[in-house]
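Asker: Residues per chain are reported as follows:
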Amino acid sequence: NRGSDAAGGRIGIDMPRTDTDFWNSYQQYLEKDLDHGGPAALPLSNSQNDIAKVVSNVQALTDQGAKAIVMAPQDTGAIAAELRRLAEKKIPVVSVDTRPDEGKVYMVVRADNRAYGEKSCEYLGRRLGGRGRVAELQGDLSSINGRDRSEAFASCMRKKFPRITVHELATDWKGEVASAKLQSLLAQHPDLDGIYLQAGGAFLQPTLALLEQKKLLKPAGSAGHITVISNDGIPDELDAIRAGKIDATLSQPADLYAKYALYYARAGLAGKTFRPGPTDHGSTIVRIKNGLEDQLPAPLVTKANVDDEKLWANQLEKKK
Amino acid sequence: MTETASPPAAGAVDKAPRRGRPRLDPARWRDLSLVPVILVLGVIGFIVSPAFLTRDNLIGVVQQSTELGLLVLAEALILISGRMDLSLESTIGLAPVLALWLVMPAHGARFAGLELFPAWTAVPLCLAVGAAVGAANGFLILKLRVNGFIATLGMLTMLRGLQVGISEGQSIGNVPASFAYLGKADWLGVPAAVWICLALFALGGTALGYLRHGRALYAIGGNPEAARAAGIRVDRITWIVLAVGGLLAAFAGILYTGHYGAVSASQGNGWIFQVFAAAVIGGISLKGGRGTLFGALTGVLTLQLVINVMTLGGVPPLWTQFLNGMIIIVALVISRFTSGEKQD
Amino acid sequence: MTETASPPAAGAVDKAPRRGRPRLDPARWRDLSLVPVILVLGVIGFIVSPAFLTRDNLIGVVQQSTELGLLVLAEALILISGRMDLSLESTIGLAPVLALWLVMPAHGARFAGLELFPAWTAVPLCLAVGAAVGAANGFLILKLRVNGFIATLGMLTMLRGLQVGISEGQSIGNVPASFAYLGKADWLGVPAAVWICLALFALGGTALGYLRHGRALYAIGGNPEAARAAGIRVDRITWIVLAVGGLLAAFAGILYTGHYGAVSASQGNGWIFQVFAAAVIGGISLKGGRGTLFGALTGVLTLQLVINVMTLGGVPPLWTQFLNGMIIIVALVISRFTSGEKQD
Amino acid sequence: MAGQTDGRPAAVRAEGIVKRYGPTVALEGAGLTVRAGEAHALVGRNGAGKSTLVSVLTGMERPDAGRVTFGGEPAPGWGDTAGWQRRVACVYQKSMTVPELTVAENLYLGRFQGERVIRWRALRERAGELLAGYGVDADPAARIKDLGVEQRQFVEIARALSFGARLIILDEPTARLDAAGIGRLFARLRSLRARGVAFLFISHHLQEVYELCDTVTVFRDARHVLTAPVAGLPEDALVAAMTGEEAGAARRSRTAARPPGEPVLRTEGLALEGHFAPLDLTVRAGEVVGLAGATGSGNTAIGEVLVGLRAPDRGRISVRGRPVRTGSVPHALEAGIGYVPEDRHREGLVPGRSVAENATLTVADQLGPMGTVLPARTREFARRMIASLDIKATGPGQPVSGLSGGNQQKVVIARALAREPAVLVAVRPTNGVDVKSKDALLGVVRDVADGGSGAVLVSDELDDLRVCDRVLTVFHGRVTAAFGAGWRDHELVAAMEGMGEHDAPGGEHPPAGEGRPAGRDTEGTEGTEGTAS
Ligand SMILES: Nc1ncnc2c1ncn2[C@@H]1O[C@H](COP(=O)(O)OP(=O)(O)OP(=O)(O)O)[C@@H](O)[C@H]1O
Ligand SMILES: Nc1ncnc2c1ncn2[C@@H]1O[C@H](COP(=O)(O)OP(=O)(O)OP(=O)(O)O)[C@@H](O)[C@H]1O
Ligand SMILES: [Mg+2]
Ligand SMILES: [Mg+2]
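Residue numbers (my numbering), protein chains in the order written: chain A, 177 to 496; chain B, 58 to 401; chain C, 58 to 401; chain D, 80 to 612.
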C-alpha cells in the first residue's frame, strides 16, 4: 500500500529496460531508496527499450495520478511530444541517463557520456604512449549515449593522439557480435595494443574469453599486454581489474542515478527549484536549453582505487 | 479428413439448419474470436485500477495503437493476398527520414538535409518512398521470384541500415509543421490519428468485402492459380498490394513522427513480430486468403490493452516481458477455441 | 529429353543415357547454390585483406558460426518437417540460466541459485530444459492446434521474460567448469565447438539422408496427410523433432556460455531472423519438405563470412547494417539463379 | 491434321505448339482444330500432353512455339487473362477453386459484373439458381472446402458453362463424378451443344467419347497422331492410336474364379457414426471384393477405416486371424493392409520428393539394416516398380510433381504394393488413368489376389468392378446387395443408386449410424457379409 499518504502526489517511474545489470542495479537502488520513506511511487513500469512504450507507460502513470515522472528515454528525440504534454500538465520530469533533445525537463540526471569517451581516450593514449592501434567496441549506432561516447572518443583521438589508429566496430550492444568482429580484427592486426569497451556489461566477458582463447590475456605490465578500458563499472569489471585482466573502467553511478532521480522528483513534487552551479554532492548543475542537468561524477576506476567503498558496485556486493 | 466425412446423405440433413441460420457461419465467428479476450482484459483493467475506464486512458490506448494499427492493416492486406512483408518495420522509420533528408535545410539544424524540395512536399515524398519500397519488394518477389520472407527480411536490415546511415543514428526533431500535423492534431477532442486510422480500416474493410479488386485479394491468397484461371491479374494486384502496404507503413511513420515529436532512429525497431502477432491472433492466416480487417483491429487493441493493463496493474518490471508472452499465448489459445478452427 | 518424347516401347532404350549422367539432377544443384556466393566472398576477402586467408581467421569464422549453426541445424530439421520454431532464440539463453539457477550455490555469488542439484548436472539439466521447451511448443502446436508461428513467438517473448526474471537481468559468470568446458576447449588445435558442430551436422545429414525416421521428415513436411496414410506417425515424429530442436538450442547455449565466458542476459536476442535467413538462402523451404543440412551449413557460413569480410574491409560502422542487408538480398538472388528454381 | 475445313469456321485452332518443362517435352509441334459447334474429344495416354495443350489454349501457359487462333483471330496477348476468358471457358483437371471462399463467390470469381459494389445477397440467389440447374444441392454461402469432391466439381462445371463462352474445354470433368453426376453433366452439355457451343472434351473413358463427341483427336508422346470422326472409328483402332501398338489381346477379362482360400481380412460390426452401419465383411485369399457405391455412399469411409486412417466407433478388424488395432495406420500397415487413397494429391503423394522416395514410403524399414535406408536399394526398388507398373518418368530421382496425373496414380499404387500386402484396399485406383494403364493396374490388383492376398476395391466405376470376384453395393452406409461374378451393368448401377430388385427394404434410406436395425438385406452368392446391428 505504497503511497496511501500521497500528500503531495505520487511519483511515476518508468524503467527503460530490465535485461541489463546496470539497469537492474538502478532498479534495486530505487526500490531501496523508496523504502526509506518520503513521497511514495506508483508501481514501476517497464518500457522494454521501446520509446513508444515509454510514452504509453507514462500516460498510464499520469492517468493513475502520478504528479512527477522519472524516466530514462533511450531515444532522445521522440520523447519531445510527451514532454510537452507533461509540461502542460505541470508535471515535473526527471530524465535519467539521457538528455532529451526538446521539451521541458525539470532535471536531467546523468553522467556525461562525452566525458566517458574523452576519459577513455586519454587513459588509453597515455598508457600506449600516444602510438599504436586500438579497437573500439561501439554500441548501437542509434543510441545517443553510444554515439556521444564514440564521437568524443574519435575527436579526442584525432586531436590528441593522431598516431593511434582506431578501429571502430559497431556491435548493436551484442556480445557475440563484438567477439566476432574483434576476432576478425585480431586476425588482421595481431599487434593490437588497446581495446575500448563502450559497455562492460555487454562486452566484458566475451572480450576476456576471446583474449584468453587467443592467449593474449597477459597481466598488466608484462610484454604483449593489451590495455583494456571498459565502461559501466559493474562488479564483474571491478573483479577483472583486481585480477589484472583489464586496466580500467568508468563507473557509471547506478546508485547516484537512483538516488538523485528520486531526490529531484521529490523536490519537484514539493515545488522546489534549482539553479546552475555546484551541488552538495560533488557534482555540477548546468543549464541546458530545455532545463537543467545535474552532471554526476563518473570516476575512473583503476587498480589503485578499485576497492573504494564509494563505488556503487562495491556497495552492491556488500548489500547482498 | 476427406469429403466422405460428410456424405450427401448426411449433408442433406444438415443443410436445412445451415440455411436457416446463415449467421452462424463459422467464418463470422472467427472475426469475433478476440472479443471475449478484450472483454476479459477490460474487466481485469477495471479491477486493477479505476484509472482504466477513464476517457483519457482509453483514448490513450487507442491513440497508441494507431501506428502499430496501420502496420497491421498493411500486413493484413499483404497476408490476405498470400504474401509477407517484414520490411514494414523499417519503412516506418526510413520513409520519414528520407523525405525529411530531401526537404530539410542544408544548414543550421543538427540534421542537415539536402533542401532539394520545398518543405510542404515532405508528406507526399514520404508516402512515395513507402510505395517505392513496397514496389521494390514486389520486384524481388514477383519478378526475381525469390523467397518473400527472406527478401523482405533482407530489405528490413538494409532499409534500417540506410536510415542509420542517412540520419547518422540521430533522431530528427524540428520537422516541418505539415509533417507533424496529422500525428498531433486533435479533431473533435479525439486525436486525428485515431479518426484517420479508423477511417482507413473501414475503407480497407469495405474494399475487401464489397469491391471486386478487394475480393480478388482473397482469391489470390487462397489459390493463386485459380485466381489466374478466373482472369484476375494476380501479379499486378499483388504488386499493388505490396506498394500500398509500403505506403501505409510510411503513413504510419508520419503519424509516429507527429505523435512523438521527432523521427526516432529506432522508430519501428522490432515491431514486426507484434504486427504478425496482432494479425494472427486477430484471425488472419499466414497462409493467405483468410481473415478480416476487423479481426486484425481487435488483435492490435488486444496487444495494446495488455500493455496498458499490465502498467496499471503494476506488474514488477522484471516480469512484464514474461507476462506479455504468456498473455499472447493465452489469447491465441482462446481465439483458437472461440473460433473453433484449427490454425496452421 | 524424357520418355514422353519417345514411345513407351523405347523406354528401355533411353535408360542408358539417363544412367550416364545422373549427377545433373537439379535437386543436387540446389544444395550447392551458395557455393559460388562463398567463393565470391572468399575472393573479395582475399582482396581486401591478406589476413582473410590465415588459418586463425578462417577458424575464427567457423567458431563464431557454431552457436548460430546449431540453431540453424535445429530450425532446419523443424522447417523440413513443415513447422517453425521462433522460440529457439530464447531457449539458447533460458536453458543455461535455468540449469545454472538449479545448481549454483545459494549464497556467495552475485547470482544466487537454488543449489538443488550437484554442479555436474548443469549440462544434462540444460539439455533437459531445452527439450522440455520444445515439447511445450509441440503441445501448443500439435495438441491445441494453434498457429505455430505465433505460439512460438509468444514462447519467445515468454521465455526471454522468464530468463530476465530469474537472472534479474544479470550476466552469469563463474559457471561450473563442466558447463564451460565444451565452449572453450581446443581439440587438435581447433575449438571443440567446431568439431562438435560439424559432427552434429554430419549426423543430422546422415539421418535425413539414410535413416528412415530422418527421411520421414521430408514426407511429413512435404505432405503430412500422405505421410500419415503411408503409416508414418506424423504427430509423434513432429513432436520429437520439436523437442530435439529445443535440445539443440540448449546445447548451443552451453557452447555460447563457454565461448563467451558467461551467460549473457541477451544471449540469442534477435538471432531468429538470422537463423531463418541462413536456412532459407541455404535452400531450406519455409513450406517444408525441402532442403538439406549441407545447404543450411553453407547458409550459416555465408552470413558469418559477410560479417568477417566487412570487418576486415573496414566498412564504416554507419553503413555495415545497410551493406549486410544488401548482401543477404544479393546472396538470395544468386542462390535462386544458381539453383534455377523459383522460391516461394 | 489441323488443315481439315468443312465450311464451319474454327472455334479454336492450335498449330505447331511446342512446350517444354525443363528436359521434359510436353508438346512437340502438336495442334488441333475445334470447329464451331463441334464436340471434339481429345484422348491419349497419361502424359501425352493433353492438359498442357489445355493450359496453352486457355492462356495459362505460354507455349515455347506455335500459334493459337480463335475464330481466325490471333489469341489475346500473354497475361491478358480477361481476354482469354472471353473466348474460352475451361474446367481444369486440377481443382481451380478457392477453398476458403463461398460457393457463390467461386462461381462468380473474376466476373462480378456491372455494379461497382458487390451485392452479396443477389449474388447468392443467382448462384443458388445456377446450381439448382445442375441438381447440386449446395448452400451458396457454404465454403468450398466444406463441400464434397463431386459438389466441388459441379461448382467448377457450372462456372465454366455459365460464362456464355462459345468454346468450352473440359479436362477430365467426369473423373470426380459418379454415374448420376455424369448423366446430369452430359444432359447439360448436349443442350448447350444444341445452341451451337463447341467443346473440347478430355476423358480416359472411351465410352464417354463415343457417347458425346463427333470428332476425336489422339495425342501420343507429345505429338498429334490422329483426328477422325468418332462414328465409324472402332474402339480398337482408337486404343491402337493412343498406345502406338497394334491392339493386343482383347481386354483382359477376369480369370476363372478359383476356390477362394482362407479369410485374410475380416471385420465384425465395424461402424462409423454418420458414415456406415455395422459391417461384417470377409475377404478371402485370392479374392477381389468390390465395394460399389456412389459418392457419399460411405464406401470410401469403409476403406479409410480399414486402413486405419479413421477410427471406427465400434467393431473389430482382423487380418489372417490376428486382430488389428483400429484407427492406426502403422498397425494396419504392419498387419499387411495396403492402401491406395482416393485423392492422390491429398493423401497419396509428397509432391516435392522423388518417385523413388514416394514409392518406398511404406517400406522404409526394409531398405537397409537397423533403420537405415540405402539409396541404392531405394533406387533399385523404385526401378522395379517403374518397370512393372510402366510408370513414365525420367528415372527414380524425378520429383513426382513433374509426372502426369496418371503416372502419379501409378506411383501411389506402387507405394501400396511395396509391402506386398495381405490385403490391398484401393479406393478408385484407376482415377484418371488411361485405358491401357487402367487395364494394367487392374491386372496388378488381380495379380495381387492371385498371389494369395485379398483385395478390396472401393469404386463406382464398372470397369474397375469387373475384376472383382464379388461386388457389394453400398447405399447410404449400408450394404444393400451382393453380386457374384457375371453381374449385369444395369443391375449394379441400380443397386448403387439404391433402386432395383436388390434394393434394401423401403424406399427411404435413413442416414447410417442411427442405430436402426437393418435386417439382413443381402442376397447373393455369400451370406457372410452385410450390415448387422
Ligand atoms: N509443371 C510441370 N513441370 C514439369 N513437367 C510437367 C509439368 N506439367 C506437365 N509436365 C509434363 O508434361 C507431360 C505432359 O503432361 P500433361 O499433364 O499434359 O499430360 P496429360 O496428357 O494431361 O496426362 P493425364 O492424362 O495423366 O492427365 C508429362 O510428361 C508431364 O510430366
Ligand atoms: N474480385 C475479383 N474477382 C475476380 N476478378 C477480379 C476481381 N477483381 C478484379 N478482377 C479482375 O482483375 C483484372 C484486373 O482488373 P482491372 O479492373 O484492372 O481490369 P482492366 O481490364 O485492366 O480494367 P477495367 O477495370 O476497366 O476492366 C480484371 O480482369 C478483373 O476482372
Ligand atoms: Mg491431364
Ligand atoms: Mg488424367
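Among the clues, some could well be false.
To be verified - In silico BS3-like pairs for lysine-lysine, Cα to Cα no more than 30 Å straight-line: (1) K448(A) / K265(A); (2) K241(C) / K391(A); (3) K241(C) / K421(A); (4) K390(A) / K243(A).
Quick caveat, the hints were computed from the structure, so don't treat them as lab data. Here the structure is a predicted model, which means the values were calculated and not measured.
Asker: Run every hint past the structure and note whether it holds.
Answerer: Tested hints:
| no. | hint | in the structure |
| --- | --- | --- |
| 1 | K448(A) / K265(A) | 17 Å, holds |
| 2 | K241(C) / K391(A) | 12 Å, holds |
| 3 | K241(C) / K421(A) | 18 Å, holds |
| 4 | K390(A) / K243(A) | 55 Å, violated |
Figure legend: structure checked against the earlier numbered hints; the only hint not met is number 4.
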